[in-house]
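Asker: Chain order of the listed sequences is A and B.
Just so we're aligned, residue 1 is where the first sequence starts under our numbering, counting upward by one.
Just so we're aligned, residue 1 is where the second sequence starts under our numbering, counting upward by one.
For the record, the hints were derived by calculation from the structure and aren't laboratory data.
Any given hint could turn out to be false.
It does not matter which identical chain is used: a pair holds within one copy or between any two.
Claimed, not checked - Computed cross-link-like contacts, EDC-like style, restricted to lysine to aspartate or glutamate with a CA-CA straight-line distance of at most 16 Å:
no., residue 1, residue 2
1, K262, E231
2, K117, E352
3, K37, E2
4, K388, D64
5, K388, E73
Computed from a prediction, not measured in an experiment: that's the story for all the values here.
Listed below are the residues making up each chain.
Protein chains: 2
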Amino acid sequence: MEIPFKTLLEIKKDSPLPIYVQIANGISQNIQAGILKTGTKLLGTRSMADLLGFHRKTVIAAYDELFSQGWIETLPQKGTFIAQNLPNVKPISFSENNQKSVDDIPFIIIPQNTIIKIPPVNSGFRLTFNDGLPDVRLAPREELARLYAHYVKFGESAVLQYTNPYGQMRFREVFSAFLNETRGMNIQPENILTTRGSQMAFYLIGTALFQKNDNVIVGELNYPAFNMTFETLGLKLNRIPIDEDGIVVDAIEEICERKSIKAIYITSHHYHPTTVTLKPERRIKLLALAEKYSFYIIEDDYDYDYHYANRPVLPLASADRHGLVIYLGSFTKRIAPTFRVGYIVAKQEIIEELAKYRRIMDRQGDTILELVLADMLSDGTLKRYTAKSLKTYRERRDFTCELLKNELNEIINLRIPDGGMAIWAKFDRQISLSELSKKVASKGLYLSDGSAYEDLNACRMGFASMNLKEIEEAVGVLKSAIHL
Amino acid sequence: MEIPFKTLLEIKKDSPLPIYVQIANGISQNIQAGILKTGTKLLGTRSMADLLGFHRKTVIAAYDELFSQGWIETLPQKGTFIAQNLPNVKPISFSENNQKSVDDIPFIIIPQNTIIKIPPVNSGFRLTFNDGLPDVRLAPREELARLYAHYVKFGESAVLQYTNPYGQMRFREVFSAFLNETRGMNIQPENILTTRGSQMAFYLIGTALFQKNDNVIVGELNYPAFNMTFETLGLKLNRIPIDEDGIVVDAIEEICERKSIKAIYITSHHYHPTTVTLKPERRIKLLALAEKYSFYIIEDDYDYDYHYANRPVLPLASADRHGLVIYLGSFTKRIAPTFRVGYIVAKQEIIEELAKYRRIMDRQGDTILELVLADMLSDGTLKRYTAKSLKTYRERRDFTCELLKNELNEIINLRIPDGGMAIWAKFDRQISLSELSKKVASKGLYLSDGSAYEDLNACRMGFASMNLKEIEEAVGVLKSAIHL
Numbered sequence: 001m002e003i004p005f006k007t008l009l010e011i012k013k014d015s016p017l018p019i020y021v022q023i024a025n026g027i028s029q030n031i032q033a034g035i036l037k038t039g040t041k042l043l044g045t046r047s048m049a050d051l052l053g054f055h056r057k058t059v060i061a062a063y064d065e066l067f068s069q070g071w072i073e074t075l076p077q078k079g080t081f082i083a084q085n086l087p088n089v090k091p092i093s094f095s096e097n098n099q100k101s102v103d104d105i106p107f108i109i110i111p112q113n114t115i116i117k118i119p120p121v122n123s124g125f126r127l128t129f130n131d132g133l134p135d136v137r138l139a140p141r142e143e144l145a146r147l148y149a150h151y152v153k154f155g156e157s158a159v160l161q162y163t164n165p166y167g168q169m170r171f172r173e174v175f176s177a178f179l180n181e182t183r184g185m186n187i188q189p190e191n192i193l194t195t196r197g198s199q200m201a202f203y204l205i206g207t208a209l210f211q212k213n214d215n216v217i218v219g220e221l222n223y224p225a226f227n228m229t230f231e232t233l234g235l236k237l238n239r240i241p242i243d244e245d246g247i248v249v250d251a252i253e254e255i256c257e258r259k260s261i262k263a264i265y266i267t268s269h270h271y272h273p274t275t276v277t278l279k280p281e282r283r284i285k286l287l288a289l290a291e292k293y294s295f296y297i298i299e300d301d302y303d304y305d306y307h308y309a310n311r312p313v314l315p316l317a318s319a320d321r322h323g324l325v326i327y328l329g330s331f332t333k334r335i336a337p338t339f340r341v342g343y344i345v346a347k348q349e350i351i352e353e354l355a356k357y358r359r360i361m362d363r364q365g366d367t368i369l370e371l372v373l374a375d376m377l378s379d380g381t382l383k384r385y386t387a388k389s390l391k392t393y394r395e396r397r398d399f400t401c402e403l404l405k406n407e408l409n410e411i412i413n414l415r416i417p418d419g420g421m422a423i424w425a426k427f428d429r430q431i432s433l434s435e436l437s438k439k440v441a442s443k444g445l446y447l448s449d450g451s452a453y454e455d456l457n458a459c460r461m462g463f464a465s466m467n468l469k470e471i472e473e474a475v476g477v478l479k480s481a482i483h484l
Numbered sequence: 001m002e003i004p005f006k007t008l009l010e011i012k013k014d015s016p017l018p019i020y021v022q023i024a025n026g027i028s029q030n031i032q033a034g035i036l037k038t039g040t041k042l043l044g045t046r047s048m049a050d051l052l053g054f055h056r057k058t059v060i061a062a063y064d065e066l067f068s069q070g071w072i073e074t075l076p077q078k079g080t081f082i083a084q085n086l087p088n089v090k091p092i093s094f095s096e097n098n099q100k101s102v103d104d105i106p107f108i109i110i111p112q113n114t115i116i117k118i119p120p121v122n123s124g125f126r127l128t129f130n131d132g133l134p135d136v137r138l139a140p141r142e143e144l145a146r147l148y149a150h151y152v153k154f155g156e157s158a159v160l161q162y163t164n165p166y167g168q169m170r171f172r173e174v175f176s177a178f179l180n181e182t183r184g185m186n187i188q189p190e191n192i193l194t195t196r197g198s199q200m201a202f203y204l205i206g207t208a209l210f211q212k213n214d215n216v217i218v219g220e221l222n223y224p225a226f227n228m229t230f231e232t233l234g235l236k237l238n239r240i241p242i243d244e245d246g247i248v249v250d251a252i253e254e255i256c257e258r259k260s261i262k263a264i265y266i267t268s269h270h271y272h273p274t275t276v277t278l279k280p281e282r283r284i285k286l287l288a289l290a291e292k293y294s295f296y297i298i299e300d301d302y303d304y305d306y307h308y309a310n311r312p313v314l315p316l317a318s319a320d321r322h323g324l325v326i327y328l329g330s331f332t333k334r335i336a337p338t339f340r341v342g343y344i345v346a347k348q349e350i351i352e353e354l355a356k357y358r359r360i361m362d363r364q365g366d367t368i369l370e371l372v373l374a375d376m377l378s379d380g381t382l383k384r385y386t387a388k389s390l391k392t393y394r395e396r397r398d399f400t401c402e403l404l405k406n407e408l409n410e411i412i413n414l415r416i417p418d419g420g421m422a423i424w425a426k427f428d429r430q431i432s433l434s435e436l437s438k439k440v441a442s443k444g445l446y447l448s449d450g451s452a453y454e455d456l457n458a459c460r461m462g463f464a465s466m467n468l469k470e471i472e473e474a475v476g477v478l479k480s481a482i483h484l
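Given the sequences, and given the hints that come with them, work out the whole structure.
Answerer: Put into structure tokens, the structure is as follows:
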């Protein structure tokens, strides 16, 4: 019987798949469908080429593909046949009672974590006053793509294999040198553990270094993701006041006298949410207290590089003489959230302990991305990119603050932030932030509903991810929503 | 004063950095070093080009770069000057007592986890009988590189932004269809959560669904990484016997009668470490027991796609009618460990709960990699790649088993595995596996020292990541080390 290959194989010239792949796919599909049976002889490549109207080389390539996938075999002197042992045989279904439905009989009670909130992704908005995110349109995408593709394609085998949980040594070397140079630190590669963003850093620190019910100090306003993580891990948060200079360090001692405090969490350079920089004298006091009462300072330096006014202040980690500061940060704020390389810097015994938990949580870092970042750190690409975005973000900060002061001064109370990517905005009590948020959403503008800081009618207004034209538009939307 | 730019700027024609970048870097370095001072007038682009011997366009590009980084400014009618407000000012060091050393005063006792072992990375070996890893040289690196670069460069903004913790919807759609087609399952995208490999799946399940001290059943031999994870989380492992057909299901009921069992962990398709496939009748029994005693079946299907002999058996998840099976797997075994996309399939209420913990542990998945995999799943690239490697690995399995039987039959007791990438090898008691491991290591061959299965003098011998020539060499090294 003549097999009607021309009809069986549907070849599309405009498909992204090469013709030979389409021929191979078509034949293997017909084998799987039972139309071409085991032992059936195939046409020779020349006859098949004539029949299908393609070059013989194309058919040879298709047969090679089918052979290497195990669909066909060649018997010497006899020709090419559908293989006796096919690669993709029908699996054994062992269940008689085959009603395959995931039903919802409440058989086992699933525990409910009520602390963790998964907010909706607000990617649908054209304009956004987000929590303080970079403008991903400025990211060095060309360089990232080129380097990433290079390692995937040409990287030595080890790049594709399992590796250690600490992070790539090359990255740790380059990055420790970078921190020593830019942050006044004095660390070795062994003091660094890479993480998946700051978020994994919180989780690792909270899990590896503390016990349930340990007491930790945070500001009464604080980065919500940190609170959520530590509360889920069963740690007790002790809230202290903050003022216009950040956390009130004097309030710490009183707590330490009453109970054993294991750590304080602090966003020292640009306090989250209020954006202020912790003053040198408070830093010195905080370090002295940590020494006196033996607690860790978890220093989250999430956007150190974006400081606009005056001179930046070196992190507490630069003045730590007893390994009490656990320093962390991330490239997500520096480049784009999708590139999830963060880091923890601490004394080596702590890093060793954190690495164990990373081993069972995530096994290892993003090898390729870490190598890409090491390249971009050492050839200056990241430095140039940061300098450029610093200038751009400063313009955006100035423009946003000026516009808000000019247009909405009676409604929004703000202080120009010295750094970072967001403004801390307190709204007049006449305005309901949650209603305003809904109103502007319908006009394509994201604005936080303020629920993270409930009683304050306040929120962070990120200015960095919009250009000047967009900022103008966004303030316009805000203004008309308020004055409606 | 004439500034000696020619001497100040070191331009290398063979550098990978473009000339204009080198000029810009050189000038900014001289500004930072204090050699070029704020307010200094720079040569015009034409004179600078003449002086340096480059095209004027190159100098213009360098000045543009310096301007966009904020190092220089242009005053109308006057020329170009080193900027008044430099972008990279020296940070404020606040500590008088600036002995920056991370010393090791045992100030705070760091808790020590003694369960988690971080093994050395064995990437230095030319030959390796590993735990059962794919040959990364076969990975579709070209396609991965091309697609990855495409998304980094041209992906819409949302690809670079924060996203949800569940995984990319496109991946979940394509992959749920793939599982339904190949595994006889009947799931929706909402039943899938992506993870960082199987490892994060273990951690998430252990954290979100159980309480400390909950009882879980495992085989007396079991995948060590699972045990390590669940023990660290405080769960109680109850070990049941295994035989030549995998876990002895009959031993479960006896335990369930004595105490409340919350889950069993099972590598059903190729038992880890012994490689056997759990028979249909045991699967039916296991499902019935899970229903009777209300426990979860954590089904780790880590290399389902690599089954050589007979027909593969559909996973237990395909016959689960009550949402008791939590199914997991990973692409690390299918492509290469560096590409860390794994998955959990379970009923939606469970996925929702697991996602909360992923939110605080890792925030989100690898957006770009998930999109790349979705593309490769839907255009057939992964299917072709799997069919090819299946054929290759079968050859390698056959060749390795034959060689070992011919050359070392009296030393190594093995059963040809029906699938997977490793052989379960029991060594004669005369041979010390830990000594043998050291001996062959000095000849460039990795062989496990058997410490994971202490009393048995046995280990897994992965055959998939070496080609036939390497396998022959590896067996040769083994043979001469044994017969020395």
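Asker: Each hint should be assessed against the structure and marked as holding or not.
Answerer: Verification of the hints:
In this assembly of identical chains, the alpha carbons of K262 and E231 lie at most 16 Å apart only when taken from the same copy (14 Å versus 25 Å across copies). In this assembly of identical chains, K117 and E352 lie within 16 Å of each other by CA distance solely across copies; the values are 11 Å between and 31 Å within a copy. For a Cα distance limit of 16 Å, the shortest separation of K37 from E2 inside one copy, 14 Å, qualifies, whereas the shortest one across copies, 86 Å, does not. Proximity of K388 to D64 under the C-alpha cut-off of 16 Å is restricted to the inter-copy arrangement: shortest distance 11 Å between copies versus 52 Å within a copy.
Taking the shortest alpha-carbon separations for K388 and E73, only the inter-copy value of 14 Å comes in at or below 16 Å, while the best intra-copy value is 60 Å.
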